[in-house]
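*Asks:* Next come the chains, spelled out residue by residue.
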Amino acid sequence: MTGYLDRFVAGRRAERTLVVQPRMGFGRIDAMAAGLREVAALDFPVVGTLTLDSYTRVGDHTTPLERLAADEELNGYPLVSHPAAATRRMLEGLYGPSFPVQVRHGTALPLAVFRRLVEVGLDATEGGPVSYCLPYSRLPLADAVRAWSESCLLLAGETEHGHIESFGGCLLGQLCPPSLLVAVAVLEGCFFHAHGLRHMSFSYAQGTHPAQDRGAVRALRTLAAELLGNVSWHVVLYTYMGLFPRTPAGAGALIEDSARLARDAGCERLIVKTVSEAWQIPSVSENLSALRLAAAAARGPVSPGTPEEDAYFEETLTEARAIVEAVLNLDPDIGTALTEAFRRGLLDIPYCLHPDNRSAATCVIDGRGALAWGSTGNLPLSTPTPREAGRLTSDDLYGMLNHVAERYDSESSEPRLVPHS
Amino acid sequence: MSTPFRCIVSTVESDSHIWNLVYLQKLLEEHGGLVRNLGSCTPVTEVLRGIEEYRPDLLVVSSVNGHGHHGARVLLGEIQRRGLGLPCVVGGKLTTSESDNDRVRRDLIAQGWTDVFTGEDAVPRFRDFLRYGERDGFAAWQPRSAPVTPWDHPELLIAGAV
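Protein sequences appear in the order of chains A and B. Residues 735 to 1155 (this note's numbering) are what the first sequence spells out, left to right. Residues 20 to 181 (this note's numbering) are what the second sequence spells out, left to right.
Below, a list of computed lysine to aspartate or glutamate pairs in the DMTMM-like style, where the Cα atoms sit at most 25 Å apart:
#1 B:Lys45 / A:Glu1140
#2 B:Lys45 / A:Asp1130
#3 B:Lys45 / A:Asp1100
Just so you know, the hints here were simulated from the structure itself, not pulled from any lab data.
For reference, chain A alone in the conformation it holds in the complex (with noise of 0.2 Å):
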């Protein structure tokens, strides 16, 4: 038996559909009901999304309702403020086996967010010890940890089929070689295992270059397989994470390319970004929109795989082994070993700025536009690095963080799942 997403998703993979879903949070409760009821509409499958807070993620717990009464908006529902039994009807007649719901919330400290997500009946959610500590929160990894252990363990304990997302795939949104993040959301997972979790996804968020993506995208599940057979699971892709086409053009072909590129690369589940996603938090019907045109473009057929992408997923899938056994090995206590390697630089995420993260490891888009090391610092991998990164000077780092929303302005018509060379 698994729980309403785990089961929704696998009814769509066995019918060859994308399950898309949005980022969507709003802090009020009337208007958090009427975009999900809006989304709970739409006639293809689709997963609801409360995203709560950044003041939430940050364990406050007032002033979301300060604000609110304060006529302001807010990034987010506040799961934890608003009382539970106002939660649970909102979601009434809403969330079941066909509309399931998933919590989003960036927290290191989840335990009240988990709490309550069960108190109001609800049991999928996402984040991570590693991935929702040292890319959103300024507490000591070991403390996170801990955190979420326990939440795991609440989880599991307190639902039947508690499911957990690993963020382990996105990490900082962008510039990370596909490798790292491979290997965190797989180290992730076994962490979940490891503290009672059956059902999982693991995400994975889209690059520069989409047969290293898809490449990427198969070491995933050939690590996942190797690591996790015993637990259900899925893979979910995230529409390119970092800053977005200015122009609706290239915005709109980003969205439709993410998507085709979750239907090549297998993905069960992808997490789809709006067109105004450059200047503001969306609205219901621009998500609505953005939900529509992924859906629409990721049906048709599988275009085939090639030599690039099985170049690609080799090498991934070699980094991301070589990095797995290190961490593991390093303590039977996973969340020990994480630790352990974060200390030893064995786990580096590039440009982090977080204390317990060593920052020796950076990470460049290489002359074929894909995610390559400028250097591995301490981490277990001998990868020739391209070439030396450590003087990027600000407009290089703005080239960089600017390379997919500049391709897609420029040229934003063509469809660009086709290979390159």
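Put chain B on the given structure of chain A with help from the hints.
*Replies:* Below, chain B without anything else, positioned relative to chain A:
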């Protein structure tokens, strides 16, 4: 300013974004800044401690999660309460909607921010600010006034023109 200037880069407590902070650190260093980057989700107390310990010539606050307006007000309020007078600038996406930019800019400059950098030309304007600061010091900077939209203009409102 002939010697390198000291600068603290931070964001507001609710904001976990870091790419803006990484970019600003490089930009500031290229303009002669010695940067202490306090990283994401910076608590107010951490910024205050940073200012007291490091005695910077400039505080740069960047926020892109839509809650920066509120966070910036809280932060500068505390800086002023402690009597820590220093040039402070803020920029990014400070509310959940672009259409708020001018109103928010006026409000924050009125509160005492040296300048507010939002919208399409935020980075070029910030570069101008840095060049000016290198030469004449940041405290002497005069922010360009934000346009007042008719519906925000008290005299027009009173006159019933809008």
